[in-house]
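**Q** Given chain C's structure and the hints, the job is docking chain Y onto it.
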Amino acid sequence: MALKQDRLSSKNLKLFTVLNPEIQDKAVELSPLAPRLDTLNGKTVYLVDVGFGGDTGGYSLLTEMQKWFSEHHPEVNTVLRRKLGPFGADAPDLWKEIKAKGDAMIMAVGH
Amino acid sequence: MEQMGIPTAPMVGDIFQNYLMTYDMVYNTGMPLRFTYLPMPIAGMPPEVHKAYIEGNDPITNKPVMTEIIKALTKPLTASEQMTATAPQAAPQPRLLDPDTEENLQQLFIKKDWTDGLPIVLPTEARVAAMLEGTRHKPDEAVVTVRGRSVTVEKVAVCSVMAGAKAEYLPVILAIAASGQITFGSTTSMAKMVVVNGPIRKEIDMNSGMGALGPFNQANAVIGRTLTIMCKALGNSHLGGSYVGSLGSTLQYNNMCFAENEERLPQGWNSVSVQMGFKPADSVVTLFNGWSYISSVGEMSAYPAHMWIRDYMRALSGFGSIATLIIDPLGAKHLKEVEGFSTKEMLHQWLSENVEIPARQYWGNGVVATFNLPLAHQGLEPYSTWQQMPPDMLIKPFNNPKNINTVVVGGGTQTIWFITDMRLVKSVSVDAWR
Chain C
5 MALKQDRLSS KNLKLFTVLN PEIQDKAVEL SPLAPRLDTL NGKTVYLVDV GFGGDTGGYS
65 LLTEMQKWFS EHHPEVNTVL RRKLGPFGAD APDLWKEIKA KGDAMIMAVG H
Chain Y
204 MEQMGIPTAP MVGDIFQNYL MTYDMVYNTG MPLRFTYLPM PIAGMPPEVH KAYIEGNDPI
264 TNKPVMTEII KALTKPLTAS EQMTATAPQA APQPRLLDPD TEENLQQLFI KKDWTDGLPI
324 VLPTEARVAA MLEGTRHKPD EAVVTVRGRS VTVEKVAVCS VMAGAKAEYL PVILAIAASG
384 QITFGSTTSM AKMVVVNGPI RKEIDMNSGM GALGPFNQAN AVIGRTLTIM CKALGNSHLG
444 GSYVGSLGST LQYNNMCFAE NEERLPQGWN SVSVQMGFKP ADSVVTLFNG WSYISSVGEM
504 SAYPAHMWIR DYMRALSGFG SIATLIIDPL GAKHLKEVEG FSTKEMLHQW LSENVEIPAR
564 QYWGNGVVAT FNLPLAHQGL EPYSTWQQMP PDMLIKPFNN PKNINTVVVG GGTQTIWFIT
624 DMRLVKSVSV DAWR
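Protein chains in written order, with this note's numbering: chain C, 5 to 115; chain Y, 204 to 637.
Hints were generated in silico from the structure; no laboratory data involved.
As the structure is a computational prediction, the values presented were derived from the model and not from experiment.
Note that beta-carbon positions come from the ideal geometry of N, C-alpha and C, so glycine has one too.
Errors might be hidden in some of the hints.
[Said to hold, decoys possible] Simulated DEER-style distance windows between Cβ atoms: (1) C:D29 x Y:R339: 26 to 36 Å; (2) C:D29 x Y:A484: 34 to 44 Å; (3) C:A31 x Y:A345: 17 to 27 Å; (4) C:L84 x Y:S587: 18 to 28 Å; (5) Y:T391 x C:Q28: 22 to 32 Å; (6) C:K100 x Y:M286: 20 to 30 Å; (7) Y:E502 x C:L84: 54 to 64 Å; (8) Y:E540 x C:Q28: 53 to 63 Å; (9) Y:E502 x C:T21: 50 to 60 Å; (10) C:T21 x Y:S353: 18 to 28 Å; (11) C:K100 x Y:L450: 38 to 48 Å; (12) C:K103 x Y:G451: 33 to 43 Å.
[Said to hold, decoys possible] Facing chain Y, a subset of chain C residues (Cβ under 7 Å, in silico): (13) F20; (14) V22; (15) P25; (16) I27; (17) V32; (18) E33; (19) T60; (20) S64; (21) L65; (22) E68; (23) R86; (24) F91; (25) H115.
For reference, chain Y alone in the conformation it holds in the complex:
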């Protein structure tokens, strides 16, 4: 609107002032927008709180909010607000850092927020050169552009060395980078999950069996860690800058990185990569985004397993029909042989048709309200109908079974499963990065 000649007065919570005036203005909008700030929280508060905010003071300037709003629209522009200019380039980044001791470099990497807070393997030229042996792609080849920043093969190799990776892991890590999913974001502290399929799993000795989601395997641990380091160093995800996750997430240390136990998939249950259109002989990495998981805790019993999974899915938001079941091979075998789900898709269809929650529970979730209420207001179904339902009427929020997924992993010591709100984002060929 400003570019169309209409003066604007945007409003936002005061916690975001630093982000807006530094990162957002410099790298996104290029405009010194005249924000008026309000106390947090804003979304989810009742009208009387909003009334108090309107009648109260801007917590940054301590002046009345409405005075600031009117001023934003009427006070004459300053010289800097009228400026049209080519922004100065960010400081050139040297390829090599100044030589220093190991201890000083470790502290520098932490101070620059390029790490996960744990000691890293210093990315010397020799180590990075050795890492680059893991791919035929040239060091200066662009892998992906993220937040306007061009990520090269060499930069990915640097992060891989830092995390403690072996060169043989590099194709998987490059495929992860190529997915573009190398940023952390959202005030809701979103996390990631990384699932690897195909022959690469055994080539690099990944774990798809007992303890696969735990700290028991070098490849699982290090590849997951490399994703975190890439998000920080390459994806520019820094506290107070582009990262505003309120709590953060411990899942962000390893990003739930594991291999699917393809050898123990029930007959008829395809791997995640085959479901995404790849061949069984293809090596593939699939990226998921979400928040959390709920454990079944115990083994399956006389209560039908699929109904148990349904019951637990009622605790998920239902946003976007998203759910991913992570299940031990014993549990998958039970679902197929005892409960009759010949394919993963049959299970997803059944869950889609049978998970029901009250309308008020669905709309009471802030993420659902933010993303789906506008769709309801536009008259789009099923949201328009759901929005008009009495609060206690039951709806089936997982209305799109294609957004439900299942991954089989584990060592067969328990018929256990986790239900997660992880959304399948993208599958990328690992073979393309060998």
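For reference, chain C alone in the conformation it holds in the complex:
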């Protein structure tokens, strides 16, 4: 072990200068979150399934969540919706609807 340390620090070892394969990243602009609600009571919360895992993913999970709200917080109005199209695709019509009729969104599931 001592011999190896000496070898690495020896001035007799040839040093190499090499090019860096790494590329500089550029981080995105930071954006703030939307203001939060004081309470969910009396509010409309959209439960949105992104589509990952088909019917056994977010849709099933959010169906259970909707039942939970009905049982524990019936004063919260929940709307269960599937986001149409592939799970990574945008859904501007749905976002417009939520903006117009909803107060918050719970989205599931990322994976």
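**A** Structure of chain Y alone, referenced to chain C:
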């Protein structure tokens, strides 16, 4: 929605916390989204498991999931959550690393996860300059932008040196980089395949014959390896960051890189590049993405070969009608002369019409469910009809024969073939990068 003024509470499996809070927030969303985490797995689980997740605890915070959800929507924002700012640039990357011993540099490259774990050829200035002789393109010319990162000719040359490439391979490697397919991704551990066509194959002594998919040829091995190193170093594909493949894939070491055996294509069977619209005299590289392959194992026999291929295709997911047949020239000759498939397209059409699987098998595949169930719910055909079928009713999942491909390669010692789920992504001119 956050930018539209609607508070959100996204949910995801707990394994992704590090990816979301580091890589994704910094390089993708720019927002400190309030994720609530659930145990894995989520997709594919029955309702009673999902009920338990909803009633249970967030595995990261150990607090009730629904408490965290409600908090995500109602707890007042912190100062950092209200911040609008220009994100600090990532640390400037120097063109040259600090001088060091060979051993230390080898360890540095591994520690930085720029390699495939194997020793590399150190990219000294002299070696990179020699590599750049392989192209007329200038070192600072942009080849492609991947994940927001601009990849130059010089960076590709650096990776080529690392992999042990010769300068004459550089046009092929630049064409691969130009395809943009220089990242690894997906929790499903996707892999790649690289097929080279045209005169470049012989110019750089690639193997399209015996053992072409094996470790028997320098050009095949090194070009394939360079793609892996580019995915790591240039494509930023790192474990725990942007790479989340659960198992990984041994195909990721070499990316199934080989040359098509154009000299032994049956008459009427065009090469992959000609099928993609190039001329036979063009040098082209074609990139595929997929997961795996199944070997026929043995030689063709009295059982009709195309039916045998059909039978094995039933084991593929059928996702996107994707299949690529990799077949020895002897097998291709048999399919043409004995079974009558005058062109590759005729074979693809027949397979499209004859591979049948039960609807439940099709929809039981998670990738199919994720991508195609939303299409079914939108009423798009054939998915809408397939989704309503009884589980045991047979469907023909390879409904688009254009997404089935065939590549002829091998040394003619066996009428053997592999059937793969590799999808043809893109063909790129190699000549453009000479």
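**Q** Hint by hint, work out which the structure violates, then give me just those numbers in ascending order.
**A** Hints that this structure does not satisfy do not exist here, as all of them hold.
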